[in-house]
Each structure stands twice: as structure tokens, then as C-alpha cells.
Amino acid sequence: MTITLWLFVRRSWWLVVVAAACWAVLTANSGWGFFACVLPILLLWQWYSPLVLPAVRWRYFLPLLGLFLRQLVMGGLDVAGRALMPQRFDRSGFAEFQTRLSSAQAQMLFASLISLLPGTCTVSLQPAGRLQLHLLDTEANWQQEVLALEQQLALLFAESDKQERV
Amino acid sequence: MSILQLCSWLLLALGVVFFLAGSLGLLRFADSFSRLHAVTKADTLGLGLVVIGLSLQSHWREACLMLLIWLVVMGSGAVSCQLLARFSHEQQANPVEPADPGQED
Amino acid sequence: MTLVLLLLLFSMLLGLWRVIKGPTLLDRLLTIQLFGSSGVAILLVLSKLLALPALLDVALLIAILAAAAPAALVQRLGKSRADTRSLGKTP
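First to last, the sequence lines map onto chains C, P and F.
Counting from 1, position 117 in the first sequence corresponds to residue 117 in my numbering; the numbering is continuous, with no gaps.
Counting from 1, position 74 in the second sequence corresponds to residue 74 in my numbering; the numbering is continuous, with no gaps.
Counting from 1, position 33 in the third sequence corresponds to residue 33 in my numbering; the numbering is continuous, with no gaps.
These are calculated hints, taken from the structure and not from any lab test.
It cannot be assumed that every hint is accurate.
Listed next, the stretches of chain C that the computed footprint assigns to chain P, with coverage defined by at least 3 CB atoms under 8 Å from CB atoms of chain P [unchecked claim]:
1) 16 to 30
2) 62 to 76
3) 79 to 86
4) 109 to 123
If you want a taste of the chain P side facing chain C, the calculated C-beta under 7 Å gives, among others [to be verified]:
5) C7
6) A78
7) C81
Estimated spans, in silico, between C-beta atoms of each pair [as the list claims (entries may be wrong)]:
8) P:C64 to C:P86: 27 to 33 Å
9) P:L56 to C:R10: 35 to 41 Å
10) C:V9 to P:L67: 25 to 31 Å
11) F:L13 to P:C7: 26 to 32 Å
12) F:L13 to C:L26: 49 to 55 Å
13) F:L52 to C:A95: 44 to 50 Å
14) F:L52 to C:E139: 24 to 30 Å
15) P:A93 to C:L26: 38 to 44 Å
16) P:A93 to C:M108: 20 to 26 Å
Small disclaimer: the values here were computed from a predicted structure and weren't measured.
Just so you know, even glycine gets a beta-carbon here, dropped at the ideal spot from N, CA and C.
Same shape as in the complex, but just chain C (with noise of 0.2 Å):
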């Protein structure tokens, strides 16, 4: 009884930590009666259908954070660039990319984060981890974009090892 209940704690603090900040920034620091009323309800649903955080390897999420900001600054510039440039351009093609993550999150992840990487946009996940892309631009290096972040989001899952096998 006592592992299961440590097994529960564990695995669902986060989920009081960011329920209570939501409510923090919602509520502008008030209403916290309401809030003890609540949190059981939460905990209940917990403990019956439980949410659990995909298994991820805190340390690279800083890095993954630094590098997505600085590709969504990137490719801000890059549409801003390319619509305030005096003549059309007509370059935008499509293109397939074989991901070598391998769980459903990590590609969820990747499909999401690469429509906001400068000119490449997620145009479908196909079973077996192939993505269809569109990019706005065919003839620059998008592939090198593509894989760097590849690269951190399967440090971010533990999955690298893999990568390195196959």
C-alpha cells in the first residue's frame, strides 16, 4: 500500500505543481479555498486514469528550448524576409523526410516543431515515421535544420543509442 501510494506520489506531483500555477496565474493569486476543493477531484482522476509524463531526460530540454527558439526567430525573419522582397519567388515544392525517432511522442513532437522551423512546414505523418514536408524554398539547405533538431529531440527521448545502431 505504501509503494503504491509512493509509486502515486511520484508519478503525479507535477501535476499539483502545475495545476496550482495555472491557478496562480489565472486567478491572479486568489480563490485558493476553491482550489483545495478541487485538487482532490484532480488527484482522484489521477489515481484512476493517470496522466504520466512521457519518459524524458530533463538535462537536453534546455538546449532543445534554445535551439527552437532560435529556429522560430529564424524563420520569423525568413517569411518576413522573403515577403517583403521587391519580386515573387516561386520555388515551393514538397518533400518526404524518414524520421529514425521512434516513439509516437517523439514524432508528434518532431512533426509539430518542424512547421516551425524556417521554410519547412509538416504537411502529413505517415506510419513508420515518414513525414511529408512542404517547403517554401526547394533549393535551400533544409536538411541540416531538419536533423539538428532530429538529433535533440532523440537525446530529449533516450533514444540516440538507437540512432547510433542503425
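Got chain C; can you put chains P and F on it based on the hints?
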């Protein structure tokens, strides 16, 4: 005017420039998928800059709320970009009704 | 601040032109996206300008609605397509 305020105004102005560039891209880009790029990326970045610029002038709690709003908009941008692209791509691959003339300009 | 607001509104209006002209459905749906993000930006600036923190909550709501709208529309349109073709979705 303090340096903080100056930074805030600069970021706001930069954010507005990105919004305008996004709209301009929506008007000028040659095909629908390129327009998708323009709207999602430029607007996400523009909103981020506006949020940071306003956060420098406001209470930390409001700044947190604005950051939360930005995260929601960013997530929705990434996901709906993907949804719209897939939907449109499928529709182009096998259209239901005969395509009306001038489908692409 | 007012100038910022006017410029944001202008960028929203530019999107309207694409709704009128837009050759494909995707172009028109894109404007929802544009309205979501620039509407949120306008509300954020307005809440600062008028010193009305409640507008931030409105902005949050708009952001969530703007996230749901394209998803709902794509679901709905995809369903009507499947009905007319009586075919499942392509895998």
C-alpha cells in the same frame, strides 16, 4: 524614458512589423501552402515579440498570463498548420467536385 | 500604443482581402489563423492601453477558440467529403 521602456517599445514595434509582414506574405505568396508558412511563422514570432515587449512594462503575474497565451497560440499554430496542410493536400490529391477554373493563381 | 493598435488592425484587414479573393478553401481558413493571432495581440495591447487586466482573459479565450476552430472545421469538412465519396480516409 528608461532603458527598459525603450526596449519594450522596440520589441512592440518589431512585433508589429512581423505581423504586417505575415499579412503581406498572405497576400503576395504564390501558392496556398506558402501562405500557410507566412501566417504561422511570422505571426507566432510577432506575437512573441509583442508579449515580451508588454511584459517588460507589466506586473509579473500578467507577464505569466501573457506567456501562457503565447504558448497556447504557438501550439495552436503548429497543430492547425499541420491539420490545414494535410486537409488541403488530400483535397488536392483527390478532389470531390471538378476543380473550378483559377484554382491556383 | 494607439499606432501599434491601428497597425495590427490594418494587418487583420489585409487578411480580409484574401478571404474575398482566396482561390482555395485553405486560403480562407488561413485567415482564421491570422485573426486568432492578431486578435490576441490587439487584446493584449488594448489591456495595457486601457489598464484593463480582464482583457487578458478574453485574449486567452480567443487563443483557445482560434486553436479549436481550424480543427473543428477540418473535421467537419473532412466528414462531409467522406460522406459524398463514401470512402474512408486515406491512410
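Status of the hints after comparison with the structure:
1. 16 to 30: Per the Cβ count (6), the hint holds.
2. 62 to 76: holds (count 4)
3. 79 to 86: holds (count 5)
4. 109 to 123: holds (count 10)
5. C7: violated (16 Å)
6. A78: holds (4 Å)
7. C81: holds (5 Å)
8. P:C64 to C:P86: 27 to 33 Å: violated (41 Å)
9. P:L56 to C:R10: 35 to 41 Å: At 38 Å between Cβs, range holds.
10. C:V9 to P:L67: 25 to 31 Å: holds (28 Å)
11. F:L13 to P:C7: 26 to 32 Å: holds (29 Å)
12. F:L13 to C:L26: 49 to 55 Å: With Cβ atoms ~32 Å apart, the hint is violated.
13. F:L52 to C:A95: 44 to 50 Å: The hinted range 44 to 50 Å holds for L52 (chain F) and A95 (chain C), with Cβ atoms some 47 Å apart.
14. F:L52 to C:E139: 24 to 30 Å: The hint (24 to 30 Å, Cβ to Cβ) is violated, given that L52 (chain F) and E139 (chain C) are roughly 48 Å apart.
15. P:A93 to C:L26: 38 to 44 Å: For L26 (chain C) against A93 (chain P), whose Cβ atoms are near 43 Å apart, the range 38 to 44 Å holds.
16. P:A93 to C:M108: 20 to 26 Å: Since A93 (chain P) and M108 (chain C) have Cβ atoms about 23 Å apart, the given range 20 to 26 Å holds.
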